[in-house]
Every structure is written in C-alpha cells, then in structure tokens.
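Participant: Sequence:
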Amino acid sequence: MILRKASVRGACSNGTVIYFFMPLEHPIMRRIAAAALLFACSTPLWAAQCEQVIESNDAMQFNVKDVTVDKSCKTFTVTLKHTGKLPRNAMGHNWVLTKQSDMQGAATAGIAAGLNNDYVKQGDERVLAHTKVIGGGETATVTFDVAKLKAGETYAYFCSFPGHWAIMKGTLKLGS
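Residue 1 is where the sequence shown starts when you use UniProt numbering, and the numbers rise one by one after that.
Treat the hints with care, as some may be off.
[Claimed, not checked] Simulated DEER-style distance windows between Cβ atoms:
#1 T143 to P27: 44 to 54 Å
#2 D58 to K150: 15 to 25 Å
#3 T83 to P27: 47 to 57 Å
Hints in this document: simulated from the structure, not taken from any laboratory. Just so you know, even glycine gets a beta-carbon here, dropped at the ideal spot from N, CA and C.
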C-alpha cells in the first residue's frame, strides 16, 4: 500500500481553521485527525473568559442582561459599544458596577456629579468599576480587579445617565 500525504482542512465553530498534512488513507489516521480537530476546537472552551462586550443603543437597552466572571480571572474587562447614533449629551451611556444593594444610591449620587464626571460621584466607594459616558458609534473599556468580587454576592451593572439606570441594568456574579 502506498501512502500519500493529504491536506485536510477543518474549521471550528469559533472560526479557527486547522490544517492537517498527514497520510489519511488508513482509518486510524483519519480517526487521529478527527480527534485532533475535536481537541483543537474545544481548547478555547477550557480557557476562562475574562472579558465581555456589551452593546447599548438609542432605545436605552443593554444587549447582555447577565454576566458571570470566572473566578480564575485576575482581571475582567468590559467593553461598552454604543450602537446608536445620538450624541453623549442627549443619549449617552456608561457601564457602572456596584453591589446590587448599592445600585440605587450610587445612581442617585451620580446624577449630581454631572456629565463631566460621567454621572459617577468622585470617590464613591460603592462604585467598583465604570466606563466613561459615550455617544452613538463610540466605545469605552474598563478593566477591574476580580479580587473586588465576592462569591455569593450579586452585583448590578447599569447606565448612570439620568433616567437610564431603572431600565438599563443587568447582574454580574463571580462564577466557579
């Protein structure tokens, strides 16, 4: 039997493309290639997801309502994308993280802080992390230390732009 090398291309659902250059005429070699492809495609599932992209829009909505932070993450990054068209002074959005029990107080205090302070009271210890206020087409990112989060505690994230926090909110938890 003459074995010839064959090129096989495999693609994972996450867009990763794998190429195999090996003799595949023998059934065992095909099984090895299939197992290698399965392994290669599943490895990103083992890695902790230490970032989240959240979109906001002109209809005062976040597209993500619940976030779980893997406890193996040292830091966690949130990227807020404003997919709307209105400017920040008319329909600006930010992403603010507090304990669930501190959300209303921090949001109320943020109103007095004003747009120049991103509607977050300076030095407010209830605020664990926040982005700046952005307008349509803009993006903001914040990275925070996961050590600030406690297992079993429920955290709230919200937009502190006046009138938005009652609608634009979600929960964040520390996972396993």
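Participant: If a hint holds in the structure, say so; if it does not, say that too.
Facilitator: The hints, checked one at a time:
no.: 1; hint: T143 to P27: 44 to 54 Å; in the structure: holds (49 Å)
no.: 2; hint: D58 to K150: 15 to 25 Å; in the structure: violated (35 Å)
no.: 3; hint: T83 to P27: 47 to 57 Å; in the structure: holds (50 Å)
When held up to the earlier numbered hints, the structure conflicts with hint 2 and nothing else.
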